[in-house]
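> Starting from the structure of chain A, add chain D where the hints point.
There are 2 protein chains.
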Amino acid sequence: MDNKAITEIIEKMLANNKFSALKELLTEMNVVDIAQAIEETELPENQVRIFRLLSKDYSAQVFSYLDSDSQGAIVEAITNTELKFLMEDMFVDDAVDFLEEVPANIVTRVLAHTNPETRNLINRFLNYPENSAGSIMTIEMVSFPETYTVDMAIAEIRRTALDKETIYTCYCTDSQRKLVGSVPLRRLIVSPGESEIRDIMYDDDQLLFVNTLDDQESVAALARKYDLLSVPVVDNEQRLVGIITIDDIVDVIEDENTEDFEKMALLLPSEDQYLKTGVLTLTKNRIIWLLVLMVSATFTGQIIEGFEDKLSAIAGLTASIPMLMDTGGNSGNQVSTLIIRGLALGDITIKDYFKVLWKEIRVAFLCGITLAAVNFVRMYILRMITGSQTETPVFIVVCLSMLCAVIVAKMIGASLPMLAKLLKLDPALMAGPMITTIVDALSLLIYFGFASLILTV
Amino acid sequence: MDNKAITEIIEKMLANNKFSALKELLTEMNVVDIAQAIEETELPENQVRIFRLLSKDYSAQVFSYLDSDSQGAIVEAITNTELKFLMEDMFVDDAVDFLEEVPANIVTRVLAHTNPETRNLINRFLNYPENSAGSIMTIEMVSFPETYTVDMAIAEIRRTALDKETIYTCYCTDSQRKLVGSVPLRRLIVSPGESEIRDIMYDDDQLLFVNTLDDQESVAALARKYDLLSVPVVDNEQRLVGIITIDDIVDVIEDENTEDFEKMALLLPSEDQYLKTGVLTLTKNRIIWLLVLMVSATFTGQIIEGFEDKLSAIAGLTASIPMLMDTGGNSGNQVSTLIIRGLALGDITIKDYFKVLWKEIRVAFLCGITLAAVNFVRMYILRMITGSQTETPVFIVVCLSMLCAVIVAKMIGASLPMLAKLLKLDPALMAGPMITTIVDALSLLIYFGFASLILTV
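Chains A and D supply the protein sequences, listed in that same order. This note's numbering numbers the first residue of the first sequence as 3 and each following residue consecutively. This note's numbering numbers the first residue of the second sequence as 3 and each following residue consecutively.
There may be inaccurate statements among the hints.
One copy or any two copies: either way a pair holds, since identical chains are not told apart in the list.
Said to hold, decoys possible - List time: in silico DSS-like cross-link candidates among lysine-lysine, alpha-carbon distance up to 30 Å: (1) Lys353 - Lys6; (2) Lys180 - Lys353; (3) Lys278 - Lys357; (4) Lys166 - Lys227.
Just so you know, the hints here were simulated from the structure itself, not pulled from any lab data.
Bound-form chain A, shown alone (with noise of 0.2 Å):
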C-alpha cells in the first residue's frame, strides 16, 4: 500500500470521528510514514488532529521528520502546555533544525515555552557556524567516567537509553570531562562485567573525534573513511560536547553532492528541495553565472568578428565552429568532473598532478585523433551527399583544430579543479563556468590559427 492511499485512509476516519481505530492504525505505522502522511494531509487543521492524536512517546520523533511548514502550522495551532512537552520529548540537533526554518514569531513562542536549560543550550546550537560540526551536532550521548566498570556501564545504558540518540557508541572521559577513550556497545557486552572501562576503550591513536568548528564535510570524510556510527564533538580544550550519529551524517553525504551536482550545473546552492522552492529563488539561483557566462562570451564573439572577413570568404568555415567548441567544452567537462569527484572523495591529491596531466595528455591524443579521424570521413561523406562546395583543406583545419582543442580542452580540465584546490578555492565552483569559456576561446583561437595557416582566399 503506498503513502497516498494511507493519507486518504487516515482523512476518511478523520471526517468520520473514528479516532480511537484511527490511534490504533497510527501506533501500528512507522514514525516517517506518519510524517508523510500528516505532509500528505490536505487540510490544516487535520494535520494537528493526527499529531494530538500520536502517542507521547512518537509525538517528538514524528514532528522532526516534518517539512517546516507542517512544523509551523502544528506549533501554531497547539496550546503552550503541549509545546513545552514537545521541545522537552525532541532531541536537541532536531530542535534546532526545526527552529533554523520556520518564521522568527514561532521561534520566539518556541523559546519562551522552553526551559531555561534547553534554551540556553539551543542558543548554542543556532550560534555554531553553519554547516560546522557543531550545528549538526546532538548532546544525547552515552559518555561514562574511564573508572566505570563494564557493568556499572551497562547499568548506566539500561537506565538512559530511550533518551539517546545513539547507544551503540559509548564516550569515555576523565575527571575534567574531556573526551579520553570510545567503547562500542558490542565491546561491552562481550566483556566482563568487572572489567573497568579504561582497559578496554580504544584510546590515543585510535580514538577519533572532531571540533565544534570542523566542516560537516570533514566529519563526513571520517565516518566514510573509519565506518563510524558516530562521531564525538569536543570543545577546543577537548571537552565532549556532543555527537553526530549516522543517519545525520548520511544527509550531510547527500546534500555536499547535491551541492556540488548543483555547482556543476552552474547553480547557485540551495537548501530547499526543487518543488519547494519559489520562482524567484530559483530564477535568482541561475541567473548569475547565465549572466557570467553570456558576458564572457564577448570574448569569443570578438574572435570570431576579428574573423569575419576569412569566414565569409571560405565556405564551410563557420559550419564547424560549434561542433569544435562542444567537443572541446565535453572533452575539457569529462576531465574535470574525474577530478572534482577524485579530489572531494580524497582518491586524488595534489600531490598527483603531474600523474594526472601525463595521464590526460596520453588519454587526449587517443580521443583526440579519433575524433579527428572520425570527422574527416565524417565531413567527406557529407560533402559526397549534399554537394557542397566545401573543400578539402577546410577539412584538414578542422580535423587538425579538433584534435589540437581535445588536448588543450583535457589539460585545462585537469589543471583548473587541481589549481583551485591548491588556492584553497571550490574545485566544483571555479571548474565548470571556467572551462567552458577558455575552452570555447582557445578552440577559437586554434581554429583560425590553423585556418589562416592553410587555407588562402
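The following block gives chain D in isolation, referenced to the frame of chain A:
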C-alpha cells in the same frame, strides 16, 4: 601525524628488524590506517611482512580494507594454511568483494582452500546480479526465533557478537525461517528479561526489508528514508538470507552519486578510482559520447550552412552564435540537473510534471528577459567601444532569440529527464547528451528564423 609519516616509520622498523616493537605499534593503530600503510609501502614483500605481524583478530579486517592489488600480492605470498584461516575470519561480503576484483588464478586457489560450506556461499553470492541487494549483503547477522525471551536473546548476542557484522539490529524469524520482525538492541536491553521477543519486535507494516534481487539503489533509499542501521534481505519465500549494513549503504550512496556525476559529464560509468584506471580504459569511457555528439553536430553544421549567405552578408550575425548556443545549453542543463537529482532522491515524481513545467516556464521567462536586456546593453556598449558595423536590428534579433532559446531550453531540460523516467530509462544517462544536441539545433533555428523575419540583406 599523517599516514605517509607512519608508513615511513613502519618501513624503518622493518629494515631494522624491530618486529616486536612494530607488532606493538600495529595493535595501537586503527585497521583502516594499517590497510592504508600497507598500500603505501613500496616493496611488495614488506606488504606481506606487515600483514603477517598483525594479530589474528585484526588481519581479516585489515585485509578487507586493502585495495585489490595489495590483496592479490598478499594472497600470492601467504601459505595455504594462512589463506584458509584468513578466509574463515573474513565476512562473506568482504570475501566476495575481494574475489570479484582479483585475477581468476587467485580465485581458484582461494576457493580451493576454503571450507565447502563457505565456498558454496561465496559461489551463491558471486551469482547474484551486479548491484543487487544479494551481491552486497552479508550473512553474519543476529537472528533468533520470535519465541525467544529477551534474556535468551541477549545471551545469544553476547555469545556470538564477535562474529557478526552488526548486532545493533536483530532479526526475528518464525519456524520456517521467514522474517517476521526486527528489534533494535536498544529496545532489547531496556525491556524486561522475561518478555517474549514477539511482543516487543517491530512487525507487519513497520517491518522493512528488501529482496535479494532488488537494486542496491532501492536499499540505499530505504535506509536513508527510515534512518536504518541495517536492512534485512529476504529471498522469494521471504526467508531471511542476509543483511546490508549502513557502512556498505554509505558506499552504495557514494558509488551511485559518482555514477550520476560521470553520466552527466558524458562518461561511461567506471568502478575504479581515476588514478588506478589505465589510459585505454579512460579513453574508451570517454570517446563514445564525444563521437556521438560530434556526429550529431552535423545538424547544427547543416543549419549554419543553409544560412551561410545571410551570415556573410550581415555583419555581427555569426559572432553571436556561440553565445546563444552556450546560454541555451547552460539554461537547459541547470534544469535537467535539478530534475535528475530530485528524481534520484525521490523529491520529484513524474506526477509533478506539469507543476515543474509551469514553474520552469516562469523561471525561463524571468531569466530570458534579464539576459536579453543585459545582452542588449552589452552589445550596445561593445559597438561604441570597438566601432563595429553591427546594426541595431541585429541586436534585436539576438535578444529575441535569447529569450526564446532560454524558454525552449528550460522546457526541454525539464521534460527530457521526466520522459526518460516514464520510459524506465536512466534520466542521468539520457538527459545530458540529448539536451545539448536538441537545444543547440533549436537555438540556431530560432536565431535564423528571427533573422529571416526581421533582417533584409
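> Given a CA cutoff of 30 Å, do lysine 278 and lysine 357 count as a within-copy pair, a between-copy pair, both, or neither?
between (44 Å within a copy, 11 Å between copies)
> Classify it for me, lysine 180 with lysine 353: is the Cα-Cα distance of at most 30 Å met within a copy, between copies, both or neither?
Neither: 36 Å inside a chain and 53 Å across chains, both beyond 30 Å.
> Pop the pair lysine 166 and lysine 227 into one bin, within, between, both or neither, using alpha-carbon distances up to 30 Å.
both (25 Å within a copy, 20 Å between copies)
> Measure nothing new, just compare the shortest in-copy and cross-copy C-alpha distances for lysine 353 and lysine 6 to 30 Å and report within, between, both or neither.
Intra 52 Å, inter 13 Å, cutoff 30 Å: inter-copy only.
Going down the numbered hints, you'll see the structure goes against just number 2.
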